Structures are given as structure tokens and as C-alpha cells.
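Required output: the full structure, derived from the provided sequences and hints.
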Amino acid sequence: MFEGIEFRDITKNAIGIFKIENKVNFFQTYLENNSYDVLVQKGINSKKVDKGCLILNQSDTEGNIIFSVDNNSYDTQYWLNHFLNIKYADDANNHTQQYIELCKDFSTEIIKQSYGAKEQNTFLAKTIDFFKENEIVNVERFKDELFEEDKHKREFDNYKKEFEDEQNLIIRNQFDIAEAVVTKEKRKIKTDIKLDTNIQIKLDIDAPDASTEYLERGYDEEKKMHYYKVFFNAEN
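Note that the sequence shown covers residues 361 to 596 in this note's numbering.
Hint data in this document are derived by calculation from the structure and do not stem from the laboratory. A quick note: this is a predicted structure, and the numbers were derived from the prediction, not measured. Hints are not guaranteed to be accurate.
[As the list claims (entries may be wrong)] Computed list of lysine-lysine pairs in BS3-like fashion (alpha-carbon distance at most 27 Å, straight line): (1) K464 to K478; (2) K546 to K520; (3) K407 to K548; (4) K520 to K550; (5) K544 to K503; (6) K550 to K408; (7) K486 to K503; (8) K447 to K544; (9) K464 to K513.
[Unchecked claim] Okay, the calculated beta carbon distance ranges per label pair: (10) R501 to T572: 12 to 22 Å; (11) A449 to N498: 15 to 25 Å; (12) Y448 to K503: 15 to 25 Å; (13) K492 to D397: 17 to 27 Å; (14) F427 to N498: 43 to 53 Å; (15) K408 to E363: 18 to 28 Å.
From the three backbone atoms N, C-alpha and C, an ideal C-beta is built for every residue, glycine too.
This is how it looks when you write it as C-alpha cells:
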């Protein structure tokens with residue numbers, strides 16, 4: 361039980377549920393007769409909580425407000441769906457979060473695998489740019505702006521359906537954008553192209569057209585290797 365939790369300018373009590381799978385060794389010291397005794401004991405490291413949730417003593421129109429964390433992704437569905445039985449809130453924060461997660465997974469599993477890291481990073485940069493430039497996401501408009509070919513739109517539609525089934529959720533075809541969520545998720549996106557020749561190319565997430573205009577990918581028949589050609593005016 362926790363007391364005095366502040367949420368949306370309201371102070372409430374809350375119940376915490378935590379799942380810890382591993383214990384760690386720590387030193388326990390005792391002072392006796394001006395000397396210390398040291399024992400090695402096993403306990404719980406506060407930084408190693410595998411799963412946890414905070415249930416506020418407050419409800420909205422859909423039910424209790426719950427915050428959840430999961431540091432082990434291998435059984436996420438068990439924790440959220442089967443144990444806690446959580447249903448995501450029908451609000452802009454959740455819709456924005458889930459849609460960006462969808463795009464990140466799509467870029468990794470479909471675009472990168474089929475078209476390469478350059479196209480993956482271009483897609484992610486354009487996704488973030490779309491969220492920054494609009495107040496509302498309309499899925500059809502999103503696809504029209506990010507995909508030139510119909511086959512890519514169909515790939516996205518098919519992956520979206522699989523994503524919804526796996527996550528046990530439905531992403532709305534139109535929703536308001538939560539700017540704070542976009543800012544947070546933008547920091548998490550990595551746009552580095554890591555090559556097996558110990559070279560990395562870092563792309564700017566805020567410049568979605570840069571990789572298309574100034575970065576070319578090709579294949580050298582003589583060396584039998586792929587290459588990137590980068591255009592620039594001056595080194596910074």
C-alpha cells in the first residue's frame with residue numbers, strides 16, 4: 361500500500377503488485393562492541409524488478425487507472441492480459457503510443473528485412489515528421505503520405521492486423537495525437553546504420569528527406585561488397 365500518490369493534481373492511495381524472479385547477494389552489517397560484523401544475505405534489488413504495477417484508488421469512466429512496467433518482454437502477454445487483465449485506455453496517449461510502436465515494429469520486421477536499413481530509417485523519420493506536423497492521425501492519409509506503392513500499403517495493413525491480434529488491441533483509424541508521447545518516443549528511436557566493417561552512419565530523425573537526397577546505396581562488382589555514397593557540402 362502506498363499513500364499520497366499524486367496523479368492529475370489529485371492525491372490518492374495506491375496498491376503495488378511486483379514480480380521479482382531473482383534475488384541478489386548484499387552485505388548486512390552489525391555494530392557490536394565497537395566492531396562490525398558483516399553477513400552476506402540474499403535480497404531484492406530495487407532496480408531489478410521484473411514486473412510491477414501501481415493501481416490507483418481512482419477510477420475513470422472505463423475502470424481503475426493502472427500503471428504497469430515490464431522489464432522482461434518474453435511473457436508480456438501473461439502479465440498484462442492474463443494476470444492483470446488490463447485493457448488499454450481509449451485516449452490519445454494510448455493511441456499515439458500504440459501506433460508508433462506499430463510503426464517501429466513494422467520498420468524492423470518488414471522494411472529493414474525487405475528493403476534495408478536506409479529505407480527503415482527513412483520510414484521512421486517520416487513517421488515522426490507526420491506526427492509532428494499533424495494534430496490528428498488518419499490511417500489512410502498516413503499511408504498515402506508514407507507509401508508510394510499500393511503493395512507497401514497492403515504490407516502495412518497486413519502487419520497492422522497481425523500487430524493488433526498479437527497485442528490484443530484495436531488501433532483506431534483516426535485519433536488525436538498526444539505531443540508528449542511523440543516527444544518521448546522520438547528519443548527512443550535509433551537511426552544508426554551499423555555496418556560489418558566497423559562503420560556507422562547516423563541519420564537525423566528530424567530530417568526525413570535527407571537519406572533520400574544525400575545517401576545512395578549500391579553494390580561494387582569488383583569488391584563484391586555493398587556501399588553507401590554520402591553527399592555533403594562541408595564537414596561540421
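These are the hints, each one checked on the structure:
Between the alpha carbons of K464 and K478 the distance comes to roughly 14 Å, so the proposed pair stays at or under 27 Å and holds. Restraint check for K546 and K520: satisfied, since their Cα atoms lie roughly 20 Å apart, inside the 27 Å limit. Pair hint K407 plus K548 holds up; C-alpha atoms about 20 Å apart against a cutoff of 27 Å. Restraint check for K520 and K550: the C-alpha separation of about 22 Å stays at or below 27 Å, so the hint holds.
Between K544 and K503 the CA atoms are separated by roughly 23 Å; this keeps the pair inside 27 Å, and the hint holds. The hinted pair formed by K550 and K408 meets the criterion: a straight-line CA distance of about 25 Å does not exceed 27 Å. Straight-line distance between C-alpha atoms of K486 and K503 comes to about 11 Å, which keeps the hinted pair within the 27 Å bound. For a cut-off of 27 Å, the pair hint linking K447 to K544 stands: about 22 Å separates their Cα positions.
Among the hinted pairs, K464 with K513 is consistent with the structure: their alpha-carbon atoms are about 16 Å apart, no more than 27 Å. Between R501 and T572 the beta carbons are some 20 Å apart, a value that agrees with the proposed interval 12 to 22 Å. The given range of 15 to 25 Å is respected by A449 and N498, whose C-beta atoms sit roughly 21 Å from each other. Distance hint check for Y448 and K503: the Cβ-Cβ separation is about 23 Å, which falls inside the suggested range of 15 to 25 Å.
Take K492 and D397: their Cβ atoms lie about 59 Å apart, and the range 17 to 27 Å is violated. Range check, F427 to N498: about 29 Å between beta-carbon atoms, so the 43 to 53 Å window is missed. The hinted range of 18 to 28 Å is satisfied by K408 and E363, whose Cβ atoms lie roughly 25 Å apart.
Of the numbered hints given earlier, the model fails hints 13 and 14; all others are met.
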